[in-house]
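From first to last, the protein sequence lines are chains A and B. Going by the working numbering, the first residue of the first sequence is number 1, and it counts up by one from there. Going by the working numbering, the first residue of the second sequence is number 1, and it counts up by one from there.
Just so you know, these hints were derived from the structure itself, not from any lab. Warning: the hint list may mix true and false statements.
For the chain B half of the interface with chain A, some residues (derived, Cβ under 10 Å), not all of them [said to hold, decoys possible]:
{"no.": "1", "residue": "68"}
{"no.": "2", "residue": "72"}
{"no.": "3", "residue": "137"}
{"no.": "4", "residue": "216"}
Derived pair list, reagent style EDC-like, types lysine to aspartate or glutamate, alpha-carbon separation capped at 20 Å [claimed, not checked]:
{"no.": "5", "chain 1": "A", "residue 1": "27", "chain 2": "B", "residue 2": "134"}
{"no.": "6", "chain 1": "A", "residue 1": "66", "chain 2": "B", "residue 2": "134"}
{"no.": "7", "chain 1": "A", "residue 1": "27", "chain 2": "B", "residue 2": "182"}
{"no.": "8", "chain 1": "A", "residue 1": "88", "chain 2": "A", "residue 2": "76"}
Every residue gets a Cβ at the ideal spot worked out from N, C-alpha and C, and that includes glycine.
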Amino acid sequence: MSTTGFDHTPIPSGEDNRSWYQKNRLKVAPWLFLAPAALFFIVYVIAPIFQSIWISFFQWDGLGEKVWLGLENYYELVDDDRFYTSLKNNTLWLVLYMLAIPAGLFIALFLNQTVMGMRIYKSLFFFPFVISQVVVGLIFTWFYNPSFGIVGLVWEFFGATPPSILGDENLVTYGIIFAGLWPQIAYCMILYLTGLNNVSPDQIEAGRLDGAKGWSMLRYVVWPQLAPATFLAVVVTVIGALRSFDMIAIMTQGGPYGSSNVLSYYMFETALSEYGFRMGYGSAIATVLFAIMLLFISYFLWKMYQEERGGH
Amino acid sequence: MFPKPIEKSSPLAQTSYKMFLPVALFIWLLPLLAIFLTSIRPAADINSGNVFGWPSDFLLIENYFAVFEQSKAGTFLWNSFRITVPTVIISVSLACLAGYALAIYRFKAAIPLFFIFVAGNFVPFQILMVPVRDLSVQTGLYDTVTGLVLFHAAFQTGFCTLFMRNFIRALPFELIESARIEGVGEFKIFWHLVLPLVRPALAALAVLIFTFVWNDFFWATVLTKTDASLPITAGVRALNGQFVSQWHLVSAASLLAALPPVLMFFLMQKHFIAGLTLGATKG
């Protein structure tokens, strides 16, 4: 900070009888303000990341002695079919979840009008995001039920035998992702609605004078101005896709036969549930997931850093 | 404004737009309407196959009452409040202090520290799971409300700090500088000058964190096991096992779990959206 000259210039005459803190307060104060948050964050977030990586080199049941394995857990991972299924499903999540972005933009464009009662409509459209994923998962489990659900009803209406979406190895992941898209689209929609609010009317007007309308207006005038909203939508969608856990735990618990597993759920299953307390192996899976996410996080941070330098 | 305001279209287009809006909303919220209808229908309807039709009777009070009577939903809801409210208070307070430090002081570590908070907020929960659970077991906080509160507060501090730092940074710096020249102490500047100015941000953040923590399921599963500390999200899953094929009760319990964040959102809508889109609006 370019100081005001208040703190660092020595007082010219006589001795400086201010306390050490008073003399250095601009250097010390930020650390005092930071200390509580940093302490919490180190204990519960930063340190556990390194501990997990460390644990991934051991065999450990969570209670007894840890047995050093070196890279053994990772070698096992390379030959683990369930790991590859999870990885494949994670990719599927990541790719299909991205549909939330155009879908959200589409709904936002549809709702970006000033008809009476529009505010209420917008907030009702946002509803699915506020609801717990556990509830969303339960609703869709019930919808997909071939004998009680909507799916059953629709198929029977056409005289067909309803598929058991959550019981079919080839359909199950799509079924869960579809359910997950519902709240995610709502999230992207709200980001775009705000983005559209901030689009400069002058530029739209200028575009109109240049003969842009409809698609060309969207593509060349509006879309570039939505860049911050799009960036945020991509960030939350990528993170959301890779974090998917609740829906899978509620709807299928990774089944049938592990076919709807993703890394986050497989890790949980390995470390804490029926497959026994294999904390070391679980941590190895978590480390892989972390590495994948770190790629995205680094990219996001890099983009933010560019912005930061461009700003202030 | 884009797209073209509908008022400027033909009357036919205007009418069809206004007609289509409620239809679109109806389809969009169909899942919710369906479970609401189910939550008020008698069990007999479900057994006789009337799952999506008009209920033969409206048992709003009876069904919701039955959920509380036949399950621990009351305890679970109360646990959720005991977990969520302290978390909001702790994480928002910590983040005010930290956000202030990162926004106002220019020191070398400011940017790296800021990015660590942001990055920590994005990590997968699973990389924290084993050590955090172990720490909770070691300190006797496993399966307690306090254990969950401490973890959530720490984790949410990352997001809150990002948020507060950006907000405080947008305040006019001259205010703080002139207070310093007047010789006002650093903490007094924070307390009397900055804190009143960030009130809208505090509200936005509080609503958001409330929703995030209320809806948490993963940590509830990892850090608790008994009814005494189980929040409603994990509770609903337990109820789902208990009320097998009693869809009316499962639906009622689900809606109870969804209600507090929904109410929060409706009451504080402006703040909520301001919170979610802070990054997007500031460009």
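Hints, verified against the model:
1. 68: Cβ of residue 68 (chain B) sits 18 Å from chain A, so the hint is violated.
2. 72: violated (16 Å)
3. 137: holds (8 Å)
4. 216: Holds, about 8 Å.
5. A:27 - B:134: violated (37 Å)
6. A:66 - B:134: holds (13 Å)
7. A:27 - B:182: holds (18 Å)
8. A:88 - A:76: With Cα atoms ~18 Å apart, residue 88 (chain A) and residue 76 (chain A) stay inside 20 Å; holds.
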